[in-house]
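For reference, the chains in residue letters:
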Amino acid sequence: MTTVKAIINGLPVEVPEGTTILEAAKQVSVKIPALCKHPDLHPTAACGICIVRIKATGRTLRACCTPLEHGMEVITHDPEIVAVRRGIVELMMSKHPNECLTCARNQNCELQTMCADFNIEKSDLDSIVPDLPLDESTKAVSLDPRKCISCGRCIQVCQEMQNVWALCFMERGIETRIAPAGDISLAESPCVKCGQCSAHCPTGAITEYDEAPTVWQKLMDPELHCVVQIAPAVRVAIGEAFGFPVGTNLTGKLYAALRRMGFKAVFDTNFGADLTILEEAHEFVERFAHGKSELPLITSCCPAWVDFMEKYHADMIPHFSTCKSPHEMVGALAKTYYAQQAKIDPQRIFMVSIMPCTAKKFEIQRSEDMRSSGYQDVDVSITTRELARMIKQAGIDLRSIPEEQPDHMLGAYSGAGTIFGTTGGVMEAALRTAYKLVTGANPPRPDFTVTRGLKGVKEGRIEIAGKEVRIAVAHGLGNVESVLERVRAAKQKGETPPWHFIEVMACPGGCVGGGGQPYGATDELRVKRAQGLYQEDTAGLWRCSHDNPYIQKVYADFLGHPLSEKAHHLLHTHYIPRPVYQR
Amino acid sequence: MPKFTPAELDAHRAKLAAAPRKRAIIKVGLNTCGDAAGALPVYQAAKEALQASGLDAQLVRTGCAGMCGLEPLVEVQVGSDPAVMYGRVNAEAMREIVAQHVGQGKAVDAYRVPSIADMCCEPPTPGKQYRIVLRNCGVIDPESLDDYIARDGYQALKQVLTQMTPEQVIAELEASGLRGRGGAGFPTFLKWKITRASRPGEQKYIICNGDEGDPGAYMDRSVLEGDPHSVIEGMIIGGWVIGASKGIFYIRAEYPLAVERIEKAIRQARAAGLLGSNILGSGFDFDLEVRLGAGAFVCGEETALMASIEGKRGTPWPRPPYPAQKGLWGQPSMINNVETFANIPPIILRGGAWFGAIGIGRSKGTKVFAVTGKVKVSGLVEIPMGTTLRQVVEGICGGTPSGKPVKAVQTGGPSGGLIPASLLDTPISYEELAKLGSIMGSGGMIVMDETDNTVELSRFYLDFSVDESCGKCAPCRIGGTQMLRVIDRVLAGKGTKQDIATIKRIALTMQRGSLCALGQTTPNPVLSSLKYFEHEWNERLVASK
Amino acid sequence: MAATAPADVPAIAKKWKDKRGSLIMALHDLQGRYGYVPRDAALELGKLMGVPLARIYEVTTFYNFFKLEAPGKHIISVCMGTACYLKGAPELVARLSEKLGIKAGETTPDKQFHLQQVRCIGCCGLAPVVTVNEKVLAKVKPAEIVDQVYACAKGA
Ligand SMILES: Cc1cc2nc3c(=O)[nH]c(=O)nc-3n(C[C@H](O)[C@H](O)[C@H](O)COP(=O)(O)O)c2cc1C
Ligand code: SF4
Ligand code: SF4
Ligand code: SF4
Ligand code: SF4
Ligand code: SF4
Ligand code: SF4
Ligand code: SF4
Ligand code: SF4
Ligand code: FES
Ligand code: FES
Ligand code: FES
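If you're matching them up, the sequences are chains B, P and V in order. Last residue of the first sequence: 583 (this note's numbering), numbering continuous. Last residue of the second sequence: 545 (this note's numbering), numbering continuous. Last residue of the third sequence: 156 (this note's numbering), numbering continuous.
Just so you know, the hints here were simulated from the structure itself, not pulled from any lab data. Just so you know, not all the hints are guaranteed correct.
When the alpha-carbon atoms are kept at most 16 Å apart in a straight line, the in silico EDC-like pairs for lysine to aspartate or glutamate are as follows [said to hold, decoys possible]:
{"hint": "1", "chain 1": "P", "residue 1": "Lys312", "chain 2": "B", "residue 2": "Glu404"}
{"hint": "2", "chain 1": "V", "residue 1": "Lys19", "chain 2": "P", "residue 2": "Asp287"}
{"hint": "3", "chain 1": "P", "residue 1": "Lys494", "chain 2": "B", "residue 2": "Glu404"}
{"hint": "4", "chain 1": "V", "residue 1": "Lys135", "chain 2": "P", "residue 2": "Asp287"}
{"hint": "5", "chain 1": "V", "residue 1": "Lys19", "chain 2": "P", "residue 2": "Glu310"}
{"hint": "6", "chain 1": "V", "residue 1": "Lys67", "chain 2": "B", "residue 2": "Asp40"}
{"hint": "7", "chain 1": "B", "residue 1": "Lys264", "chain 2": "B", "residue 2": "Glu404"}
Since we're looking at a predicted model, the values are computed, not measured.
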């Protein structure tokens with residue numbers, strides 16, 4: 001690798017060619033402020049906070065997007081540069097509502113931090129906050145365009161990373177604003193509610209739709225029997241909001257905290273994940289080994305992906321697994337099986353899902369199928385970020401609280417269920433069970449590592465009983481197109497499909513990088529969160545979903561067998577094309 | 001028309017030169033502005049008068065002669081007499097001119113104005129006009145390829161393709177000292193050289209910047225409308241030098257006639273084998289396409305312009321990477337201004353040294369200005385670099401109509417600055433204008449007299465820039481608006497000394513923190529007004545406590 | 001929603017679809033046909049050209065040239081370029097505003113006139129300049145502007 005040598009603030013640095021000044025400065029312990037730059041995204045160069053001076057010309061350039069050049073002498077801080085940065089912050093403040101106290105990003109906001117660092121106590125600029133309405137139409141992600149600083153991150157995320165094109169900039173100059181495509185409400189737009197925009201927004205302009213108050217209200221209702229479940233990816237991310245090292249698994253502490261908050265039963269979505277695998281692996285084997293309906297089979301447990309498929313790729317419906325997502329399965333069973341077993345009127349059960357995900361807020365009312373128990377199967381879905389706030393409100397010290405166990409009926413899980421929370425996890429878990437279904441024995445090594453890692457599209461070939469299973473795993477909706485194109489091409493030519501089984505997760509990294517996870521996710525963090533899950537997988541009692549005795553029990557007691565009529569009614573759904581721009 | 005080989009092009013040119021000429025030629029200026037001033041009825045009148053009288057005269061529609069204030073303009077040449085220019089001609093006057101001048105050989109003095117020859121001078125002399133870029137404007141029929149060929153058109157292209165190497169062309173450009181006429185003044189040879197060297201063998205693009213957004217400047221429009229082939233020829237040569245097979249004309253939508261004329265010229269050139277595959281039998285393939293702007297000044301900025309060609313919002317992107325490395329569609333691209341391209345064929349034909357001998361210091365050749373505002377004769381002037389502002393304003397353009405003294409001159413439009421009367425003896429060059437806090441810009445020159453107020457004019461420019469900010473970066477997006485608010489406070493008589501400090505503070509933030517030159521230069525008119533006309537600001541401030 | 005039959009959209013889409021990045025050109029054609037960019041037509045164009053609606057709105061709202069609503073029958077553009085500004089264009093806008101009862105950028109309720117300010121149309125030598133539809137009025141005097149505009153509108 002060629003490197004460049006240069007001087008930053010009088011100190012020599014040597015970095016690989018192409019390294020930006022912003023990155024290079026870290027080598028000499030210099031932190032150049034940056035606001036619009038996000039590690040996941042290519043620089044938009046929108047804020048100007050990161051300007052530095054090139055000594056030779058005296059010109060100011062943006063550190064976030066300017067590669068360090070050989071022999072360059074850079075000054076990152078001098079009185080004029082600081083004055084300009086201050087000036088920029090002051091300008092931004094003049095167009096921003098002073099609403100930190102009532103803002104979801106309070107104490108967690110990149111703009112606020114910047115303002116705090118520059119401490120601009122008074123300004124003689126007029127306040128010119130635009131009068132733009134709040135958009136809560138999706139009840140999943142909320143848009144407050146007044147708080148937008150036009151950094152362009154969400155646009156890049158929604159258009160390039162996710163290829164959804166729900167968000168865009170409208171107008172220009174001082175009138176520039178973010179808006180859903182076509183200036184309709186977000187709910188009417190192509191938005192799939194993945195929440196990646198909110199996870200990347202530096203301010204409170206796009207946030208999760210906050211349902212924590214609803215949950216508190218229900219917890220206080222003596223008529224209700226509130227139950228809860230936590231998704232796999234939540235347990236390894238929530239610690240970041242409490243100062244735990246990234247990737248720390250807090251499952252036991254979360255169970256304890258939820259009980260203290262007043263939940264009558266604490267379940268785990270991982271149980272639902274195991275159940276999903278049983279259903280989905282059977283579906284796969286039916287198609288793969290018994291030639292029933294079309295291959296490839298495509299996973300369906302990510303609601304943003306489902307929405308995206310229905311809107312943009314409805315021709316894939318025949319390939320879609322009909323399995324509901326794990327938390328919906330748990331919801332359906334909580335209001336049927338659990339209600340029966342615990343002798344509680346299902347009408348009184350209030351099911352709360354804690355998810356890494358904003359799309360799940362939308363999913364719970366996606367269609368009639370989400371009321372398979374006769375009631376809405378999951379009543380409220382909140383994100384990791386909302387739970388973190390609730391734990392703080394509840395005065396629970398997560399650091400010292402002793403660990404507890406879940407309510408096993410819908411709470412015990414295998415390692416396969418755990419790894420659902422990361423990209424490739426569903427595939428790996430399904431392969432373990434499919435292997436068993438075809439060969440009658442567990443795979444000698446349950447780790448199918450081709451599914452792991454952060455490459456946008458991962459491909460692999462696995463041998464099961466002498467037959468080759470070709471798989472593909474895509475995460476980040478922007479990576480899906482190329483995969484589907486190949487499937488379509490093969491179909492058109494009547495060739496065998498390029499893959500037999502495809503997993504898609506809307507968020508980069510899968511749910512560990514979900515739109516409702518603690519802020520600041522980067523690939524580095526996503527990997528660590530995923531490691532937390534893989535550790536739990538290897539440490540667990542069971543590695544395969546079918547080995548989970550509570551899963552076996554629910555089939556024996558209640559569902560019969562995978563793909564039974566009852567299972568179909570409660571655990572499966574169907575899809576309809578919803579082409580975009582219907583208005 | 002058949003596709004030319006080099007020899008056929010020469011033969012055709014010789015044939016045109018040998019063609020019998022009519023006894024008289026009448027040229028009516030019919031650019032957008034001529035039309036607006038009523039030149040069409042004048043043209044009709046001439047046509048009818050000629051038909052009725054049966055006089056042996058040729059009637060030609062030409063482009064722009066440059067004396068906009070005197071439109072409609074008609075030039076009449078009888079026999080071998082020098083051409084006579086008539087200004088403010090109406091239909092009746094036209095009939096009189098046909099009868100008297102064409103019919104009897106006696107010029108009609110009542111409408112006579114200086115002719116192009118009267119205004120120009122060979123060799124180039126500071127203080128007089130010298131026409132390189134405008135060489136054909138007002139002289140030829142812009143819709144006639146033959147007219148262009150008869151005036152050495154496509155000779156430079158032929159020479160380049162048959163006798164030169166790209167390196168030789170670049171060397172001539174280096175010797176000429178030509179710098180970009182779009183405003184920034186980047187050495188043209190260097191841009192061509194860098195783009196030629198960049199990623200050889202890959203698809204490259206050459207782009208003509210015809211966005212001309214400076215409000216009060218129309219040099220490029222006049223060239224596009226008046227001599228489209230000269231720009232096309234410059235582009236083909238550029239394409240060949242850098243190794244591009246595709247060129248794009250980006251023209252603002254507000255110039256429909258320019259678009260029409262360029263499109264027509266492209267069709268003509270294609271038919272004649274001067275565009276398309278195997279140009280002049282040389283094996284070089286190159287074609288042109290026209291793309292329209294849609295009303296955004298910032299799209300004159302090269303990276304924004306490319307975004308616009310890609311069908312996106314015209315927002316600039318940071319450089320590096322420069323267009324030469326990664327431009328349109330991520331490919332090496334080169335953007336030059338209309339006037340820059342129009343300079344290329346004469347430089348090739350007459351040599352870089354000829355061009356380099358004109359001008360002063362590092363500013364070579366001529367520059368076209370659109371002089372407007374408080375001058376007797378507003379219009380286009382092309383002067384050798386080194387001519388002083390006073391020579392342009394008081395000499396060529398005749399000073400103010402009222403005879404009152406000039407108060408200031410603004411060059412460079414919204415990115416430029418004011419130059420007070422006391423500095424009018426400054427010679428025009430990139431360096432000298434920059435020293436005064438203004439810029440050469442693309443060629444707008446606005447003259448103000450005592451009745452004009454510089455606070456208001458700088459507010460006008462600021463308002464323009466705020467309106468045209470793309471909104472991508474915070475310093476420009478918010479800074480401009482806030483500065484405007486403070487100035488409005490001052491204009492309302494509520495300003496204080498503190499407000500002046502605030503204006504300067506915002507200005508610094510915009511100059512250093514803005515992403516592109518639009519935001520970086522937005523404060524210039526205001527700052528120059530503060531610098532040279534501080535009293536006009538102080539008069540408006542609330543007496544300080 | 002306005003009843004705009006986007007009948008010409010397929011032809012426009014066909015003309016530009018295969019030319020890379022030609023959205024703006026297609027929108028010019030669309031506006032040339034309808035006088036503005038009707039929503040239905042934009043939707044249809046996006047579908048046919050494979051351009052996301054978000055991109056179309058980004059573009060149409062960025063560029064001054066594109067109108068999202070039907071303008072009046074006669075479009076009056078007062079040049080607000082520097083030359084025209086210095087030669088009294090603001091006074092012309094004021095006169096027209098007063099007479100028509102609308103501000104610049106607005107359309108009269110009877111949809112007869114749309115008044116707008118434009119930046120330099122390149123006829124600075126003839127400043128101040130006003131255009132009515134396609135017709136350019138040069139060296140306009142405040143006292144005459146209203147009559148001139150009405151005359152043009154009648155002639156059209
Ligand atoms: C805001 C802005 C507007 C510009 N407008 C124009 C323009 O209208 N025409 C032009 O040729 N260059 C314009 N430029 C300069 C171009 O970015 C570019 O430098 C030029 O086209 C290069 O051509 P040249 O080297 O021949 O001058 C503008 C620059 C900025 C920052
Ligand atoms: S977005 Fe940030 S700065 Fe703005 S109100 Fe919210 S917390 Fe405060
Ligand atoms: S930071 Fe300041 S404004 Fe905010 S709550 Fe504390 S005292 Fe109040
Ligand atoms: S939630 Fe996802 S699809 Fe919706 S606007 Fe945000 S990034 Fe786009
Ligand atoms: S909403 Fe957030 S991410 Fe999007 S542009 Fe505004 S500040 Fe940036
Ligand atoms: S991976 Fe996503 S869909 Fe699956 S269980 Fe986890 S949160 Fe739910
Ligand atoms: S990947 Fe996970 S967090 Fe992201 S949308 Fe899908 S289910 Fe939700
Ligand atoms: S630019 Fe001036 S001289 Fe040229 S045609 Fe227009 S008005 Fe006439
Ligand atoms: S300086 Fe102004 S015009 Fe240039 S990128 Fe920034 S906002 Fe856009
Ligand atoms: S961080 Fe570099 S411009 Fe915003
Ligand atoms: S300023 Fe009005 S036409 Fe140029
Ligand atoms: S701006 Fe009106 S004539 Fe140039």
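**Study point:** Index of numbered hints that the structure contradicts, given in increasing order
**Key:** 1, 3, 4 and 6
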